[in-house]
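*Asks:* Position one of the sequence shown corresponds to residue 1 (full-length UniProt numbering), numbered consecutively onward.
Worth double-checking, as some hints may not be accurate.
Here are the computed lysine-lysine pairs in the DSSO-like style, where the Cα-Cα straight-line distance is at most 27 Å [stated by the list, open to error]:
#: 1; residue 1: Lys69; residue 2: Lys2
#: 2; residue 1: Lys113; residue 2: Lys139
#: 3; residue 1: Lys2; residue 2: Lys74
#: 4; residue 1: Lys177; residue 2: Lys134
#: 5; residue 1: Lys74; residue 2: Lys40
#: 6; residue 1: Lys113; residue 2: Lys177
#: 7; residue 1: Lys113; residue 2: Lys134
#: 8; residue 1: Lys40; residue 2: Lys2
#: 9; residue 1: Lys139; residue 2: Lys177
#: 10; residue 1: Lys40; residue 2: Lys69
#: 11; residue 1: Lys154; residue 2: Lys139
#: 12; residue 1: Lys113; residue 2: Lys154
Bear in mind the hints are in silico, worked out from the structure with no lab data behind them.
Computed from a prediction, not measured in an experiment: that's the story for all the values here.
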Amino acid sequence: MKRIKLTVAYDGTNYNGWQVQPTGITIEGILNQTLTQLTKDPVVVIGASRTDSGVHALGNVAVFDTNTKIPPEKLSYALNQRLPEDIVIQHSCEVPADFHPRRCESRKTYEYKILNRTFPLPLNRHDCYFTYRKLDVEKMCRAARYLIGEHDFKSFCSVHTQAESTVRTIYNLTVQKEQDLITIRVTGSGFLYNMVRIIAGTLLQAGTGERRPEQLQDILNARDRAAAGPTAPAHGLTMIGINFLGNI
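Given the sequences, and given the hints that come with them, work out the whole structure.
*Replies:* Structure below.
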């Protein structure tokens, strides 16, 4: 029995998120089904990030155990011949049997994209949140700086979170604009349920002038979900990748 690591990219538009649900099609469910058929083993993958319905990924990570004789580096090719076109394995390799993607120290990076122009563009409708309201990127940048570092992010997570601790570390948080596209990019030790989308929704309010940038400190101090901005729509969010600290 060997443990295989997959790097998975997907368009989350047509899926009920990563994790298997009682109803609806999920990324995890498709991977389990396809891997079971391919390897003839009863496969249940372990994902590094259980992205929400409609959220995309360029580099989510999953592991599974198998007795297959297919070489680990060839599994990506075999899987991509069987998976739907909106799920593509970018890389496959063998890892130590005790490697667990949610228990290793890592840094995860997400991007939230905002199309800021008079009218939407059809090609961006699945991976960008559109708003015609003029956004002040400089104010968004100033607001973002308050969130860098180790903080209690209770104000920036869903009230339904099951995390034992709401303390997290954000290593980098930037807001950049290129033509009509604004990209919020955040790297952290881990993220609470809906945390990145709530950060995006709050920074959007700073950009429209609904909040002053310095109010972000007050929101952190409140430790109350009601103090922060709305949860930005899922389709603007993409998991960029995960950097595992160590030899993986």
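*Asks:* Confirm or reject each hint.
*Replies:* Cross-check of the supplied hints:
Simply put, Lys69 and Lys2 have alpha-carbon atoms about 10 Å apart, close enough for the 27 Å limit, and the pair holds. For the given pair, Lys113 sits about 17 Å from Lys139 by alpha-carbon distance, which is consistent with the 27 Å threshold. In summary, the hint linking Lys2 to Lys74 is supported, as the alpha carbons are separated by about 14 Å, within the 27 Å threshold. Distance hint between Lys177 and Lys134 is fulfilled; the C-alpha atoms sit about 12 Å from each other, no more than 27 Å.
A C-alpha spacing of about 16 Å is found between Lys74 and Lys40, which places the hinted pair at or below 27 Å, so the restraint holds. Our distance criterion of 27 Å between C-alpha atoms is met by Lys113 and Lys177, whose separation comes to about 10 Å. Restraint check: the Cα-Cα separation between Lys113 and Lys134 comes to about 15 Å, which is no more than 27 Å; the hinted pair holds. In summary, the hint linking Lys40 to Lys2 is supported, as the alpha carbons are separated by about 14 Å, within the 27 Å threshold.
Using a Cα cut-off of 27 Å, the hinted pair Lys139 and Lys177 holds, with the two alpha carbons roughly 12 Å apart. As the CA atoms of Lys40 and Lys69 are separated by approximately 11 Å, the hinted pair is consistent with the 27 Å bound. Only pairs whose Cα atoms come within 27 Å are accepted, and Lys154 paired with Lys139 is accepted, the gap being roughly 23 Å. Between Lys113 and Lys154, the direct Cα distance comes to roughly 23 Å. Compliance with the 27 Å bound is thereby established for this hinted pair.
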